[in-house]
Structures are given as C-alpha cells and as structure tokens.
Amino acid sequence: MESAAGGKGLELVESQSDGVAIVEPRGRIDSMTAGLFGARVAELIRSGSHHLVIDFAEVLYITSAGFRSLLIAGRLIDEFKGKLVLCRMSTEIRRLFEIGGFSDLFEICATRDDGVRKASWP
Amino acid sequence: MNPANLLYGVSDRPPASVCLMNAAQHVMILAPTLVYPIVILRAGGASDAAVVNGVSLSFVALGIGTSLQSLRHRHIGSGYLLTATPTAAYLPAGIAAVTLGGSAMLFGMTLLAGLFEIMLAQVIRRMRAFFPTEISGLCVLLIGTLLGVLGIRLLLGLDGSGVVRSTALGRDFALGVFALAVMVGLNVWAVGRWRMYCAIIGMSAGYLAAAALGAVDAHSRTTLRLAPIMDLPSSPNSLPSFSIDLVLPFMVGALACCLRGMGDITNCQKVNDRDWVRPDLTSIRNGIVADGVSTIAASFLGTLGSSTYSSSVGMSTAAGVTARVIGFWTGGLLVVLSLFPVVAALMVSIPNPVMGAAILFTGCFVMINGLQIITYRLLDARRTFIVGLALTLGLSRDIFPTFYGGLPHAIQPFVGSSLIIGLLTALALNAVFRIGVRSRVTFMFDPGVDSPDVIRSFLEQQGAKWAARRDVIERAIFGTAQAAESIAENSRLEGPIQIEVSFDEFNLDLKLSYRGDEFLIEDHRPTNEEIRDSDDGIRRLAGFLIQRNADRVRSSRRGDKAVLECHYQH
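Taken in sequence, the protein lines are chains Y and R.
Numbering-wise, the first sequence is residues 1 to 122 according to this note's numbering.
Numbering-wise, the second sequence is residues 1 to 570 according to this note's numbering.
Just so you know, these hints were derived from the structure itself, not from any lab.
Incorrect hints may appear among the rest.
Among the chain Y residues that face chain R by a calculated CB cut under 10 Å, a handful are [as the list claims (entries may be wrong)]: (1) 28; (2) 36; (3) 67; (4) 68; (5) 71; (6) 108; (7) 110.
So the derived label-pair ranges between C-beta atoms look like this [unchecked claim]: (8) 339(R) to 90(Y): 56 to 66 Å; (9) 161(R) to 58(Y): 45 to 55 Å; (10) 111(Y) to 505(R): 35 to 45 Å; (11) 11(Y) to 161(R): 36 to 46 Å.
Predicted, not measured: the structure shown is a model, and the values here were computed from it.
Note that CB positions come from ideal geometry on N, CA and C, so glycine has one too.
The task is simple: from the sequences and hints, build the whole structure.
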C-alpha cells in the first residue's frame, strides 16, 4: 500500500515491505524541500518505523540542506537502535554522496529488495 | 583503464600463443577483402598465377601497414591493434587506372593517393571543430551498417542491386547461418579461449562444412591445387605513370580512407578506454599517416591501396583481446604468409556465405560502438538533424543503388558508398549549423522555488547546442543550483544572479555574479556534528561541495559585485 505527500519540487511516496518502511522522494532534496523531507522521515521513525529504506531512484539532486536532513535522520534512527538503508541511486546522486564524504556514513544498496533485506536485519 | 570486457587491453603483452592465434584470426577475416586486389588484377588481364602472386604481394603491403598502425611513434601509428585491408574505396579508380595505363598507372595514382592521405592527416587537428564527437560516432555507425550490409549480401549471394546470384541459395544460406551461429554462440556462452577464438573457429567450421557439402567452387579448388606451397612473390618493375583525369577519383578514395580511419581509430580508443570522453586527434592523425604510408607501400608492390579494417576492431572487441603487440604479430604473419602462395589461394577459396557470416558478426560490435559514441553527448535539434539526415541519406545508398548508379558521372565519386554519402552530408550540415551557435551565453534569474528548474532547463538546452558531455552538464547543474541556494540564504543577496557560461570542446566555465556577500569556499569538510548542529553547517557544506564538484573554483569581488567562478574540464 502506497501513500504520497509533498509540495513543489518534492513528492514523498511511502510504502511498507516485510516490516520495513520505504520512503521514495521524487524530485529534489534542497533547501526548499529538505524541511518537509526531514520532518516526515523523523515522524515515521518516532512513530515506530525503526527499519527504514530511502529509495533515491527518482531524486534529481540533493544539496547540502538535504544531506543535513539525512544526517539528522541517521542520528535519530541510531537513538532507537534501528537501521537506515539508502538504495537505487543514480550515478550522479552517488557521485554527490562521494564528493560530500557521505558514502561511508550510510549503507547504500543497488536495489530496493537488497535495501529492504539489509534494513530488516537487526 | 581497461574496460571489464577485455581479457588483454591495448598495452598488455599476452603470451606468444595468444598473440599468434589472435594474429591468425585477424589474417583470416581479411579474406573477404582480398577480392578487391583480385578484381583489379583480373581487370588488368592477369593470369591465375599472377593473381595469386598479387594477393601474396598484398599480404606484404598489409603486413607493413598493420605493423605501422600499431606503432606509437611521434609521427606515425595510432598505437592500436587495427589491421590494414585492401579497400573498395580505390576500386573504381583502380579499375580505371589499370584499364587506362596498366600496372604503371595503378602504381602512380595509388602513390599519389597515399601522399594525399598523409597531407589530409596533417590538417585534422586544425579542422577539429568540423569533426565533432557525434560525427565520429556516425562514422563508426555507418561503417558498422556497411559491414552488416556487405555481410548479408555475401551470406545470401546477392549482387550490388540485391538480386540473388547464388545458384544454391538454400545451401549457401544454411552454411552462412551455421558459421554465424558458431561465432555468436561461442561469443555469448563460451569463456576463455573458446570465446577468444570464436571467429577463427566459426570460419574454420564453416569452411569444413562447405568442403563437405561441395560448396567450394571448382575454380577456387583448381587455383588452390596449382598454387605452389612456397615461393617468393615477385614485384612489378614498372615506373609510375599518371593521368590528370584520375586525380579526382583517387583523391576522393583517399578522403574516404581518411574518414574511415578516423572512425576506426575513434572506435579503438573507445573500446580500449573505460573513461573515454573524446577522440584523441594525435592518435588519429598518426594513424591516418600510417594508412597513407601503407597505401604507398601497396603502390610500390603493384597492388590496390589500403585502409583501416573496421572488422578487425569488431573482432578484437568480440574476442576481448586488443593488445597492440598483436598488430606486429599480424603484420609479421602476413609477411611470412606471402611466401606461401597456397595460403593466399586457400583464403581466396573461402566461400562467400562463410565470409559474410564473419563480416556480419564483427559488424555488430562496430555498430553498437557507433551508437554509444553518438549518444554520449547531449544532442539539440541541429545535431539531431546532422545525425538523422546523414544516417538516412547514407543508408539510402544501399536501399536505392539503382538511383545512385544513374546519377551523372561527375558526382559518382561522391556517392560511391553509404559511408561517403553519410559523412559528406554530416560534415556539410555541421559546417552550416555552426552558424549562430555562440560559445558564451548569459542569463539572469531570481532565486526562488522555480530556480532549480530554470537552471536545469537553461544548462541542458545550452549543453545540447554545444553537444557537451552529459556528465559534465550534470555537474554544472548541481554546482549552479547549490551555489544559488547558498547565495540566496547566506550572502545577503540583493537582486538577481547573473550566470555566464562559456564552452569549448575542452572547457566549460560558469561565472555567477550578484550583489551580496562574497561566496565562502570551504577547503575542508565540516564534521557531521557541525553540519547537523551548527548555524553555518549547511553553508560550509555547500562551500565544500561546490569546491569538490568543480575542477577549479574561485570566489572574488569585482566592483560592487561578488563573483563565483567554476571551471569544469570537458
């Protein structure tokens, strides 16, 4: 079951698979949209979704504000001893993670299935 | 860096056994093109023995040409495994030459053509703007389709106008499909040596099947039986003669060889470099020089001029072996084989369907490389028309041969093949469409909700006009959007931001000018805690990302404006 929310520049599509919450941002994660993105992810974690996959397949680009919201989400999920996995990045998004020094901070998978599997592990 | 599909890359040194077997494969797939010197020799009234001698002499010329092509000398050799082959580009002119003045005329005019090709090589670098990457890709694609059409023609026993000439169509078709199936099957499902030697195995299997079915023609069998096992080939002793009437046809042939060489060498560069971005014009120039010298060698040996052999690039790719040292092995093997007329006779006797299968097989790899080179760049309407119209016109040569054959005699040299028509069309359109494309453009925008879309749209459109690399334009889009976001939030911006973009084939430069505080570039990444918790964490990360995203960044103040400059190597 999918649900969607969002505003100009970013839409968030949410679903569940094997007890793992999946968030699929569609558009750009920048200073205009990072607030919405970060708030929704934090809300999901606080409401009990401690195993979370963020699917980057439809992300056009991510700026410094977007990276900050990911770092905050990562810290929050650590507090709940959960697991955050990122998946399906384009070459360009993967490059941005690398130049920003974020590749080693997050577990990144090539496919959504791999992401769900990794996120569901304790 | 070597692409993953190569077992041995261009600079590797495979074991001698691998070199020898791969050299044998490269020699074997030359078989279909040996028909060109044979046609010339027969047009000059040569006997069967003289034809076999002529083919042996062609081996010597091709051996010299292939070895020169593998060199990485400052002035000669592309530095790639790329065999030389007798070329159809000189066929009509060559027949006219032997008819008009015998072997002396062929000698003189082929010599001139070789010299002209060397001259053409010298102007390639200065004419760089007229040979953009997508035209190189088109050239490779046209060569691939040319091979495909030739392969189908031989496999089905069709003549130039598509009429069936084979007297045993079903048998020949089955033979061709069998040889093709062996090559494709080994290439797709086999590993190691079976994959590496798929072409030679497929051709040998096809030949044996042809012999068993009686498909090797009687004339070839007789020539094979009468050919001496070992004999020194004798070269003609005539002095060169020249004809002013034949200058243009031979010059057009040389131009066609030059263009084909550009496509083949570009293909070699791409096949051998995982990070390939553009044709290396020095390697192309030196490769064309090697091709010209090879044609000069052919003229002294009384045979037809040569060009680079596209099938050899396809076969190297299929085998996963592109080591240039194999070029020297192939050259050496060709010279040694020239001492064995029986080998020349054996190669001439390979049935057409088997030859067709080999050419079709190698053509597939060439075609795909051409498509990849074309789509590597952003293409706007101008470039879409250049590629689309040139490709369609080129292909029409093979679809409507009667129409082109009926055109006036004076323009026949320019419509001789799909490659010539396609490339001349592309080069002419490219020259026309260069009018009105500025290398420097400026636009203004107010940062806001829509600015990322405005920036993307502007840079993508401009990138397509310039046929810029997709990956570089993506970097520029991110850099501009990230900078605009950070300036709007942290630099006390007053008014719009002006963006100036300039481009040439090697550089893309962006200059953002605005009224506000100077942009702060960060050399060191802020810590995760600083990014998360400090007030200027996002700004500092933006400064760091912009610095890492570009190849060079500079922030300064000019008059009342702050200026941020980002340079991207293209």
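message: Tell me the hint numbers this structure goes against, listed in increasing order.
response: 2, 6, 7 and 11
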